[in-house]
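Chemist: Spelled out from the first residue to the last, the chains are:
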Amino acid sequence: MSSVWVYAEVHDGELDPAALEILTKARELGEASAIVLGAGATEAAAKLGEYGAATVFASDDSVYDDYIAQPHAHALAELIAQHNPDLVLFANNYDSRDIAGRLSGKTGSTLMGNAIGLHSVDTAQTTIFGGAELVDVELEGTPKLVLVRPKSFEPSPSGGSATVVPVEVDLPDEVKKAKRVERHEEAASGPKLDAASVVVSGGRGLQEPDNFKMLEDLATLLGGAVGATRAVVDAGWVPYSMQIGQTGITVKPGVYIAVGISGATQHMVGMKGAKKIIAINKDEEAPIFSIADIGVVGDALKIVPQLIEEVKNRKG
Amino acid sequence: MNIVVCVKHIPDPNVPPEMDGDRLKRQGVQGVLDPGDEFGVEAGLQLKEAHGGDVTLVSMGPAQAREAVTRGLSMGADKGILISDDALQGADALVTARVLSAAIKRTEFDLVIAGVESTDGYTGTMPATLAEFLGVPQVTFAKTLESDGSSVKVQRQTASGYHVVECPLPALVTVTAGVNEPRYASFKGIMAAKKKPVEELSVADLGLSGDDVAIKQKIAQIVPAEERKAGEVFEDDGTGAAKIADFLKEAKVI
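Residue numbers (this note's numbering), protein chains in the order written: chain A, 1 to 316; chain B, 1 to 254.
Bear in mind the hints are in silico, worked out from the structure with no lab data behind them. All residues carry an ideal CB built from backbone N, CA and C; glycine is no exception. Be aware that a few hints might be false.
Here are a few chain B residues that sit away from chain A, every Cβ distance over 10 Å (derived from the structure) [said to hold, decoys possible]:
| hint | residue |
| --- | --- |
| 1 | K25 |
| 2 | R156 |
| 3 | P182 |
| 4 | L248 |
Lysine-lysine pairs mimicking DSS-like chemistry, simulated, CA-CA at most 27 Å apart [said to hold, decoys possible]:
| hint | chain 1 | residue 1 | chain 2 | residue 2 |
| --- | --- | --- | --- | --- |
| 5 | B | K153 | A | K179 |
| 6 | B | K229 | A | K252 |
| 7 | A | K312 | B | K252 |
| 8 | A | K315 | B | K105 |
| 9 | A | K282 | B | K229 |
| 10 | B | K249 | A | K302 |
| 11 | B | K252 | A | K213 |
| 12 | A | K106 | B | K229 |
| 13 | B | K243 | A | K106 |
| 14 | A | K315 | B | K249 |
| 15 | A | K151 | A | K302 |
| 16 | B | K143 | A | K276 |
| 17 | A | K176 | B | K153 |
| 18 | B | K216 | A | K106 |
| 19 | B | K243 | A | K151 |
| 20 | A | K312 | B | K216 |
| 21 | A | K275 | B | K252 |
| 22 | B | K218 | A | K151 |
| 23 | A | K272 | B | K243 |
| 24 | A | K213 | A | K47 |
| 25 | A | K272 | A | K302 |
With these hints in hand, go ahead and build the complete structure from the sequences.
Modeler: Laid out in structure tokens, this is it:
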């Protein structure tokens with residue numbers, strides 16, 4: 001039986017939900033194990049067991065919270081040398097991307113990014129051209145390393161429980177270099193963006209940062225959260241925590257309202273899983289209209305305030 | 001402070017992409033310096049202006065990738081290295097990192113800068129692998145980048161905000177498009193770039209073997225995804241908002 005590992009992130013003691021999605025798929029492909037490093041790891045191990053990890057390699061050492069990527073890649077490389085898994089899966093998140101990248105250099109294993117499906121331990125699926133084409137990629141060598149986009153699989157518990165194996169790896173000083181010295185959270189009020197049933201999202205078409213206020217008003221009325229494109233996040237209009245897309249958060253809400261968003265590949269891969277998509281954009285050629293259920297070609301700055309009134313009227 | 005900036009020549013992102021067999025078509029396609037890499041070049045130039053030293057651009061790609069190097073030189077970088085070899089067609093991130101590291105190790109460097117991810121590939125793992133091969137730490141997703149000459153201080157983007165990260169040099173940093181405002185190449189810069197040295201190297205020049213650049217990813221098949229049907233798109237005649245509100249009611253959001 002193939003051995004499939006899932007690297008699970010913990011942040012401030014909280015387990016990354018994408019780990020449970022990926023574990024659910026991993027146990028279809030072989031015997032699943034998980035690795036979790038950092039404060040809260042041992043506690044998270046129980047949850048990982050419930051979702052199919054037979055073994056969880058865990059360390060609560062805060063060195064994994066303080067330093068970026070290097071300690072994790074070092075520990076993973078040692079565990080891999082001892083246990084020889086066939087496939088190691090990661091969520092396509094900020095930290096895991098770095099860890100998997102370094103690990104690829106250590107083990108000489110090819111690393112595939114942005115997978116959205118796994119056919120077997122050596123074939124994974126990704127998309128190109130903003131999701132227009134599906135590409136199956138065969139990977140050679142052992143272990144294979146694959147980064148999986150969050151929300152690619154529906155998590156489902158297996159009812160199992162894990163044997164927890166403490167990770168005891170000596171970490172040399174040269175892997176303790178890039179140190180987190182301050183942490184800033186930019187948590188918004190209202191529902192969490194990646195769990196909201198309605199997402200109202202804005203791009204360059206809003207013309208200036210102040211106009212995001214009207215999206216907040218609309219989102220509040222609809223019980224939703226506000227998101228943004230990379231372009232406006234990079235421009236400093238709104239915080240990083242609102243970024244939806246390839247880099248940033250993947251959302252799958254019931255309704256996604258794209259305001260002044262043209263639909264760059266970067267953005268579309270993070271939201272095209274929405275059940276219903278509403279688009280408002282001045283440019284009738286904007287790619288976003290090709291995936292919208294309803295599209296209005298017009299001035300977002302006029303239409304959004306009208307929409308707020310229309311929604312208020314319908315709510316009575 | 002000697003700085004190396006990784007630059008990539010990509011098909012113009014404003015032109016719809018074309019396939020050449022199972023790969024993105026690159027030959028004969030209008031190419032540009034990856035817009036994301038302009039921020040890396042600018043970051044390198046600003047640090048050079050503050051601390052002295054020089055800025056070397058390193059790139060891997062077909063011969064025409066020299067255009068991307070030249071563009072960075074015209075912004076103000078001092079010299080370039082281009083690794084170009086038929087054996088590198090279709091290279092994955094691992095091979096790219098191995099090749100770039102072999103080229104960078106030939107130079108004296110304090111800091112390597114790259115974009116967070118290429119605009120055509122979006123994988124974003126190459127810089128971390130490169131840092132591993134170079135034996136230096138990496139700080140990715142830099143929204144700000146400061147240096148005192150012996151270390152860097154970075155605001156690193158996270159899913160819920162940002163972290164301040166400090167790291168001694170030598171190191172590798174990847175920058176987002178928020179890190180600076182890239183300068184335009186001046187006429188003088190464009191003329192000067194023509195005289196700046198660009199070393200062109202093959203895989204063999206770097207002392208790498210065929211095994212070192214063997215690609216371990218193979219495309220098995222490409223199939224069209226189930227298309228999401230476009231719905232009704234109409235010009236706003238003053239009733240657009242009402243139609244959206246009706247749609248929201250139908251979707252039981254209201």
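Chemist: Enumerate the violated hints, using their earlier numbering and listing them in ascending order.
Modeler: 2, 4, 8, 12, 13, 15, 16, 19, 20 and 24
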